[in-house]
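K.L.:
These are the residues of each chain, in order.
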Amino acid sequence: MTQYRPDRSELLLTVREFLDALAPQLDGETRYRAQVCAFLIGVCMRELEAGIGPEDADRAAWSGLLGGADGSAADLSRHLCTAIRAGDLDTDFDHTLDIVLARTTAAARLVRPDKVSPHDAPSPSVSGISRPPGKRLT
Amino acid sequence: MKPSDPAREPDAFANLARAMRRRFGGAARLDNIIVPSLGGSNRTVVFDLVDGVARRRLVSRQRTYRGPDNPFIDDAHQFAVMSAAHRRGFPVPEPILLFDPEDGLGEGFVTAFVSGETMPNRILTGAAYDTVRPRLAGQAGELLALLHSIPASEVPALTLYPDSDDPTEAQRRRYDFYAEPHPAIELGFRWLERNRPSRGTAQLLHGDFRTGNLMVDQTGIVTVLDWECSHIGQPAEDIGWLCSRSWRFGHHDRPVGGFGQRHELMTAYRGAGGRDIQADEIRYWEIFGLVRWAVLNMMQAHGHIFGGRRSPAFAACGRNASVIEYDLLMSLKGLHQ
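First to last, the sequence lines map onto chains A and B.
Just so you know, the first sequence maps onto residues 1036 to 1173 in my numbering.
Just so you know, the second sequence maps onto residues 53 to 389 in my numbering.
Derived from the structure by calculation, the hints contain no laboratory data.
Some hints could be false.
To be verified - Example chain B residues on the side facing chain A (calculated, C-beta under 8 Å, incomplete):
# : residue
1 : L239
2 : R242
3 : G360
4 : P364
5 : A365
6 : R371
7 : S374
8 : K385
To be verified - A few chain B residues that face chain A, going by a derived Cβ cut-off under 10 Å, partial list only:
#  : residue
9  : A180
10 : D328
11 : A367
12 : A368
13 : I376
14 : L387
Keep in mind the model is a prediction, meaning the values are calculated, not measured.
The C-beta atom is built at its ideal place from N, Cα and C for all residues, glycine as well.
With the hints as extra help, turn the sequences into a complete structure.
P.N.:
Set out below in structure tokens:
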């Protein structure tokens, strides 16, 4: 991280503020694109704020479903997909669903916090799984 | 939609003008040309065809998206399905002509222009549609029954498409093409495999019959657009897609397209001759719809990153897949209806 301000998050916020102010002055398709770009900046800001927590939680969750397998989150995700497809987790389908839902909820909340309301998000009460960020990020 | 470059037959439209003259005679010309905002897979041109004192508003659609993961049927087959529907009195933009190689316009076709509202938010919340909205579910049921009564044999080419053979496997092949593992989508596929309903007689399906493709005016649904996903399959697939969470645009108290109730849709469907379809089967195809929609969002993101179809909206689709997956898993758990 640079010692100079504004930092990365502040730079992104600057761009988003500009796009938010610009969009109403545009028409039709261009306006829509500016709004989508402001939204994409928001996703980046929320991901920056979340840091490496979600990836670590993914890795722990997938490893737990794979009997403690080791590897990166991406590798374990691939192995998990193979296992689901092969039917290896059929007997534990509901448990697998709970774990994947918890991680998907965390991912969706970074993208569209408004679509994942706190009251209907599942409570991942399973050991080894980080609770999705409870703080409402916008 | 914001028009761009209204013009009187500039060079950009020379091939289109020539294509019209080939069919309608040398005196035919184009006027009042508009290029609406682009869709992801087509270039659309709206224009008046003028021949002497006669003038008719038409729409040209040229395909711009080709790729091995392309989920859309050939334009010739779209044209054939729309023609079959039009012959039966189904509200579809009247098919006028199909481009051929001599036109130099690639794949595409021309239909009549139909005016009305397609924007979901306006239809679902606009005061102008308050009186028509309660009738839409019933009308959708009647239209689907009419569509599903058209013999699939009228468009035999549709049997060639993977969606006509096994729609779940067709989605999975597209998903595999992106080589991007998503445990939530895999769970969806696995559930679909293990809970397949028994197959009845396959029928002609629209394939994308949902809010956004239903053009509405003060009388109700005036036209059904976008036939590029048409195929042969179980009628409940069309019904489940319309009821799928993604097409309610947040109005989950009105599960049919954000405008109506399932019993309204199905009462009208059966009343118009449609098959009796159980709630479990509709739910199955709603789940299928969420899987399919997640994969389609991956497709748009893949096109943005690798396919040269750059667009902020397509970039957003890649991340939006997580929200659809959330809906999918919440639905599988029974926490979303």
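K.L.:
For every hint, state whether the structure bears it out.
P.N.:
Each hint tested on the structure:
Interface hint at L239(B): satisfied, since its Cβ lies 6 Å from the closest Cβ of chain A, which is below the 8 Å cut-off. Hint status for R242(B) relative to chain A: holds, with the closest Cβ pair at about 5 Å, below 8 Å. Evaluation of the G360(B) hint against chain A yields a violated restraint, the C-beta minimum of about 17 Å exceeding 8 Å. The interface hint given for P364(B) holds, since its Cβ lies 4 Å from the closest Cβ of chain A, which is under the 8 Å cut-off.
About 5 Å separates the beta-carbon of A365(B) from the nearest beta-carbon of chain A, less than 8 Å, and the hint is met. With a least beta-carbon distance of about 5 Å to chain A, the hint placing R371(B) at the interface is held under the 8 Å criterion. A hinted interface residue such as S374(B) counts as satisfied when its beta carbon comes closer than 8 Å to some beta carbon of chain A; here the least separation is about 4 Å, so the hint holds. The criterion of a C-beta within 8 Å of any C-beta in chain A is met by K385(B), whose closest approach is roughly 6 Å, and the hint holds.
Hint status for A180(B): violated, given a least beta-carbon distance of 20 Å to chain A, over 10 Å. Hint status for D328(B) relative to chain A: violated, with the closest Cβ pair at about 30 Å, above 10 Å. Annotation: interface hint on A367(B) holds; nearest CB of chain A at approximately 6 Å, less than 10 Å. Evaluation of the A368(B) hint against chain A yields a held restraint, the C-beta minimum of about 5 Å falling below 10 Å.
Restraint check, I376(B) versus chain A: the minimum CB separation of about 9 Å is within 10 Å; hint holds. The restraint placing L387(B) at the interface with chain A holds, with a minimum CB-CB distance near 6 Å, inside the 10 Å limit.
Hints 3, 9 and 10 from the earlier list are contradicted by this structure; the remaining hints agree with it.
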